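> Protein chains in written order, with the working numbering: chain F, 1 to 264; chain C, 1 to 786.
If you're looking for bench data, these hints aren't it; they were derived computationally from the structure. In this text the structure is predicted, and so the values were computed from the model without any measurement. A hint or two may mislead.
Here are the simulated DSS-like pairs of lysine-lysine, each with C-alpha atoms no more than 30 angstroms apart in a straight line [stated by the list, open to error]:
#1 C/Lys303 x F/Lys76
#2 C/Lys615 x F/Lys80
#3 C/Lys660 x F/Lys61
#4 C/Lys303 x C/Lys247
#5 F/Lys250 x C/Lys303
#6 F/Lys76 x C/Lys569
#7 F/Lys80 x C/Lys689
#8 C/Lys303 x C/Lys467
#9 F/Lys135 x F/Lys111
#10 C/Lys392 x C/Lys6
#11 F/Lys80 x C/Lys569
#12 F/Lys11 x C/Lys395
#13 C/Lys243 x F/Lys115
#14 C/Lys232 x C/Lys213
#15 C/Lys727 x F/Lys11
#16 F/Lys250 x C/Lys716
#17 C/Lys467 x C/Lys381
#18 C/Lys182 x C/Lys303
#19 C/Lys576 x F/Lys61
#20 C/Lys395 x F/Lys245
#21 C/Lys213 x F/Lys80
#22 C/Lys3 x C/Lys380
#23 F/Lys237 x C/Lys247
#24 C/Lys727 x F/Lys76
#25 F/Lys61 x C/Lys570
#26 F/Lys63 x C/Lys660
#27 C/Lys395 x F/Lys243
#28 F/Lys63 x C/Lys247
Pulled from the structure, derived: some chain F residues nowhere near chain C, Cβ distances all over 12 angstroms [to be verified]:
#29 Asp81
#30 Tyr85
#31 Ser208
Quick list of the computed label-pair ranges, beta carbon to beta carbon [claimed, not checked]:
#32 C/Thr772 x F/Glu68: 25 to 33 angstroms
#33 F/Asn62 x C/Lys138: 49 to 57 angstroms
#34 F/Asn233 x C/Ala739: 20 to 28 angstroms
#35 F/Gly189 x C/Leu693: 28 to 36 angstroms
Backbone N, C-alpha and C define an ideal beta-carbon position, used for all residues, glycine too.
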Amino acid sequence: MSKTGIIFDIKKYAIHDGPGIRTTVFFKGCSMECQWCHNPESKNMDVEHFTVKDRVKKSTKNKTIGYEISVNEVMKIIEKDRVFYDESNGGVTFSGGEPLVQIEFLLELLKSCQKSDIHTVVDTSGEASWKDFEKIINYVDLFLYDLKIIDEELHKKYTGVSNKRVHSNLKKLIDGENNIELRIPLIPGITDTDSNISNITQFISALSIIPEVTLLTYNPLNRDKLDRFCLENPLGKLKVQPKQKLLEIKQQFVDQGINVSLGE
Amino acid sequence: MNKRIKKLRQQSLDAVPTISLERAELLTDFYKSGAADGASVPVARAMAFQYILENKAICINDGELIVGERGPTPKATPTYPEICTHTKEDFEILNNREKVSFKVDDESFKIQTETIQPYWSGRSIRDKIFEAVGNDWKDCYEAGVFTEFMEQRAPGHTVMDNKIFRKGFIDFKKNIHNSIAKLDLLNDPNACNKKEELKAIEISANALINFAKRYSEEARKLAEKETNTERKSELLEIARICKKVPKYAPDTFHEALQYYWFVHLGVITELNTWDSFNPGRLDQHLYPFYQQGLVDESLTETKARELLQAFWIKFNNQPAPPKVGVTAQESNTYTDFCLINTGGLTENGDDAVNELSFIILDVIEEMRLLQPSSMVQISKKTPDEFLLRALKIVKTGFGQPSIFNTDAIVQELTRQGKSIIDARNGGSSGCVEAGAFGKESYILTGYFNIPKVLEITLNNGYNPRTKKIIGIKTGDPTKFKSFDGLLTAFEKQLNHFIDIKISGNRIIERLWATILPSPFMSLLIDDCVAKGVDYNAGGARYNSSYIQGVGMGSITDSLSAIKNIVFDKKTLSMSKILEAINCNFEGFEELHETLINDIPKYGNDDDRADDIVRKVFEMYFDAIDGKPNTKGGEYRINLLPTTSHIYFGSVIGALPDGRKAGAPLSEGISPVQGADRNGPTAVLKSAAKIDHLRTGGTLLNQKFTPQVLESEASLKKLGHLVRSYFKMEGHHIQFNVVAANTLRKAQNNPEKYCDLIVRVAGYSDYFVDLGTDLQNEIIERSEQKI
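Okay, chain C solo, but in the shape it has when bound (with noise of 0.2 angstroms):
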């Protein structure tokens, strides 16, 4: 990297995520004003976006390529009180934090509980949800049963497609402007809510382009005072692009990333959407540029990985916005999620890879910063050198590029009845999630503790944390004459809990169709336009609504040992085990080693484990997919984390498997930690006993030590692994490749490895900035020594 880069990228590092009230004075401002009244909804909502991107403060950083900041500067980060208003509380945890901390000034202090807080208090959208939901809801939610995704952040979880590289705004008004032609009074009922919605997208996609004229006009005043002459050009150059995009379409590859960039920041400015937002599948969007560049002379190779890691910089720039009470604890980081696709299918099912994927898999190791995430999606037609390419990376330990079956997400969101065009052009996102860019609205709605309905089966609907009774009454444990018996009971809570939190959620759906549409997300994806509809009241072409599963191997572990202990072999009573399991195990150390040791476990290629980790997939799947949500779309799973199954292990006392109160519980599909004893092939093979093809995603982590990978052999056959597992429909793996002493060490003495970044669950982060129970439990994830 360059001189240039160099000095950009430490900037990054070492600014210090702070909480910026810029945003939240503006949008008050701006609905104090008066202005919106008498608009609609969604017209007051984009004249509000209009009126932040005209007066917040543009940030042109000196040597930047690629401009614009969410905030007044890198790591400044806004907060969205219309979402979620902090109180005085709220950000003294923020700022006082030890770990993903957001430093608060005394101003803002003073700011936020003088004029922010009393505006939006009552107001804002989470004060809503916890109004309108009902107690059964408020009581699983408290007990740790499911978390809520859209208490505090906006539903986004969506993906760019390639539309902004090849048309401006203004074909996209063009586009808005025949919806309003078309609207029809007379026989559509819902033709004025339409023009309305319309009406907003055009006012967003206006005040973007004239945001990028400012940045345009700063250029221009900045170019005037440069001295450097290379740099006035490099100004020059600057203002030129940001007046051209996003309102025309990109020319050159400096073009297609500013434009992108805008629209990023757009994004992330509207609404503090999950997953913040995406270009999707880079080196596809991009190689045209590329390849006309080399062509016409206007670009180098050296020029575009410039570029490239100049863009790459302002992602790391924006962290997640500050999340406080349980959204901290199940999404503790600053990452927010974007995740860059390389490699994959054409839309004509050819492979996708090209020169562009492999100079961006070199910015990824190259620039090795937190964001943006990035990983490949390898198909049966994917070259093996691209993927010995990602492993080089993988193996220098820093946890990216994950790696992605494009097969797989093809057939699960064909099945899910997209189109195949609309799926291949499509990928992940995220942590694992697949969807189909630029089209579908694939929201995560929140983590769903499958062991907890466990602890409750075993309560017979008491929860013992809380000291409610929040699930059915399905009798008495020590009664069940048979494993089965267990099993109905325990999905018979599972439909219960899962019945309490789609309800919740249709509720809660309809507040962010109606209270906070966002019409500069419904410009940019199909077919908010055409339909004159939403993004977030269903205007998408595919809606999906997801509840992600945790817990599945220790759910399968708990189980696993029931079934032997109490059933098969009968060598306790399941009274026993209940007591034991009360006790947290303290006076049943036999029986404790017992069950860590001698239990089948998922994890092991052991069907008598693996055929209860397929029962309890089919029971959660029953119970989700296919249900109807509230904008036109279908619920569905998928089997991930993020940082959950630490929360979610906080709340259940100790389980049948041996796992003690508190604990975490297994993350994503992988085996309870250390449960694992047969190698990755046996852990592959379990886990590909999982329907994959019939979720939208499953997350898998598997632990190397650095020796393991050494050789350009041994590489090579990691390589061999990871398409065995693919073909067997694996969705998606990820390697951790430290050595746990590394970890230790780092555990220690966290201020000599600040700049150790570790695979989570789905991304990557700075060990230092986890918690202890999480470092701890990386270190435990079974290391697979070879």
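Here chain F stands alone, though its shape is the one from the complex (with noise of 0.2 angstroms):
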């Protein structure tokens, strides 16, 4: 019996985790308490039962969310869709919730994708121990690295934890010549602010190498989610940005010499 772990989802045809056509699998649990999350149920690591609205019918159900599966379960469904990797350069993403949070669970999966030659992707918030990522670094092809807000005290009062491991943690993947792509959720008022900005772009420019950034556009889904999952929204109802406000903040970023995309 391989080792096992909890996750939340497999979603196939995933298509912005990263290059490619990928598959990516839902890890449950997380390390951040961020306020604008839109996969609410990925926070806890255990198996939960949520009330979940049923649109259709008007009504609510009880619906289970997590359930624990073999490392050998899941490269079985990866594999399924090994043609779409190889026309595409894909792969599979392990994402969350926070995949090093079952670090164990997470390093035999991406030691079976070496051993199968398929491409992987990483997508972390950053918040782990450095310990945790050295075990996992020779097995990774591409972390997808989040950047949220660049102030400690902000920070903790929108995620819940201290910045200081995110940001030294960047830095040893950085200097290890680990390849990186930096993601930046535009949470509008909270990781958008003029000053926050000015700071992302200062931290990355003082790297030693400059990773491709990804702007991530702020997706209000999180918002339906939330209710859906009859769970209360403490942000209350956030203000999309405008495309020119997006445009002026990639150009903050291209002015600093970095190389940039606006994300989905």
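Dock the two chains into a complex; use the hints.
Next up, the structure:
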């Protein structure tokens, strides 16, 4: 029996989680508590029961979120779409939640993928011990690494944790010449403020190698999902940035010589 | 598009389809006159064709560059009383039905009932077909086990190759004379028949040359009266061209297009052939003229675009001939399935994409017309740029072009025994049908309702709808000891019904061969002239007959449900399932929920279901493939529905997959609507488990919301998705890119969405013209939200 872990979804034809056509495995359990999180069901590592609205029938039902699954079972599902990875230079993305929270499960999956010659991406918040990162770096082809708020106090306020480890891990990964794509979620009034954007561009410019940056535009979907899960929305209704504002933010990165794109 | 094209396009969009009795009256006059008395059947047919073309109205619309209409005006649609003699009631239905109507004026009602109907009633091939087929055939037809394509439309299902772009009719006539000269009256007992056929072919060739001449004369007359000097010179150019083609080979881009158009009109005037007719590999045929025109400066890219746009409008002016009865239900659309091919391979096996291929895609995008349909052929050698250009049009959401796998088509055709050169020169026509263009008659003979066979198996040969025993006794379904026992019974029933269909087909094939030969079509398709045999009698180099399987998803999920519940888990008995079906699941809500949600279903890359689709495919293939038709060719299978999955659904009660009585079946090889829950890669993996290379075409529909394809990067990934499917030897895929919300709005406010074109099944149609069932079905077709 291979190692097991708790996940809450496996999504095929994932086209926004790294290069090519991918399968994304969503780990359950997170080390942060971001107020804008659009996967509220991913925070807790345990299998949970939620009350979910059924909009067609206009009623609610109980839904179990998360299930235990073995490395072999996950690999079987991943392997099914190999023809698509081969054609598109895609592969598998481990996301969450925070995949490093279940480090041993993640490590076994990454090893299996390497053995099967499947490209791997780890989508991380960076909030984990460096020891855990060291375990996996030889098996990861690309990190999608989140950078949210540079000011430590504000980071604590909105994500529940300090950003010290996030920054130090990132520097170490970059110094070790790991492939990294930085992802910056543009949350209206929180991460997209002038001061934070300016801090971020400065922080990136100071890195030894400047990685590619993707700006993730705010997705109002999370509001809908919170509502569906009958959860409270701590942020209320945020206003989506106008396209012009996004382009202005993008320009600030370009001005610093950073290779930047607007993601979906 | 320039002012001229805008105006012509608008004229075409605004034209209301009407019934024109011009052709019917001319035909009737001709036969009544006695002019053909004593002539052989093919010669009489050719003379009738000639008479129609000599006397029908000539129509040159203001500003037109490509000229010629089938009726007296755009969308004035002829009838073919020798094939199907409409009754007064038929005309009333055509005139009054909400969708796909044809306006009939009082005069036409009168002519039809007083002149046309009395003469053709009993003489039409439709009447003769229903007289000749057996009662077993009729019972199955009435039960909706299969449909019959040739009961009111002619076998066509063929496509032009490059011969008309290289030779004139005068050259074809030389071939006819050579064939006549070679006839061996001493040793060939059929020599006399062949001579009559060849004479008929020559008459029909001359008929079209003279028809073009009438256009030439009319253009000259209009030029004389024209005061605008620019238009005057255009009309003189049209007059020159119509005098030249089709008699002589074309030398310019304009001549080539006009030549094809006359040929097209010839084919659709001679008979109401299925899938009208089609220039096929248009970018290949026209490229030499395009290059030459640019070199000698007789053509510019702009002019080429304008001519192509003018050509496009001509197709849109010719709605599919009016259909009634079951034929209207299986193919309820104005589209006449003229599917223009671009891309693919050259006959040497090189990538065939050229500059003109891209220009044609621009034209498709800009014209946004219902007709002609369009497709791109993608081989592994096709540059990504071309696929992406096509996907960019797909993204705009009007269902065109559809995307085909050239490498699969070539293998399908060579497996059937075609030469690799003929295969590479071929492509797909109609909805998705693979054919050797210019050399093959590949007749679709009717849709076959595969899930209906299960319903009859579960009733031990009895059809609960018509309350008749139409199948064979394969045993009490509650007594089956294993899933294999059920499958064996199902296969026996399947073979029983296929045999009835094929026996009927053989009768119908002979009726067409003997009563309604098509000498003009025989001029165009190799090797009719060389053999001296009519297209409808087996003159083509390759003669294939198809029976199109419908409902692969529904049958698979239904069998999967029975296997899972009755034989694997043994949670319920067969009789309980039968009881639930008979009650249309009323009082069995829990079971219904289980059937919908907890059964392995086709379309999820789940071998528990997909192994069943493979088994059903093998049974269907074995029942049909390789059986001889009466034309020296074989029966083949393909898997496509047009709109028959709606009709077939309406004649079946509830099915074990949870589908309620009367609801549509799954279409093509797409999963049951809503049954695929693991995204598009899983659908493609499941679909690829069907052996496409042993079919002559499969149809897979995927629906995406526009958001999925917004960015360039997402579009590229869609390209990878297509390439992956084709690597797995998928035949065809098409995308509907419309938000379900938009469709719902269109359903509620049709007047605001008259221009909304959606992909139906192998063709696109105006959404507002679709019946409510089909509209709902398109909305429900599992929308892939990424």
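> Which earlier hints can't be squared with this structure?
Violated hints (numbers, rising): 1, 5, 8, 13, 17, 18, 21, 22, 23, 28, 29, 30, 32, 35; every other hint is consistent with the structure.
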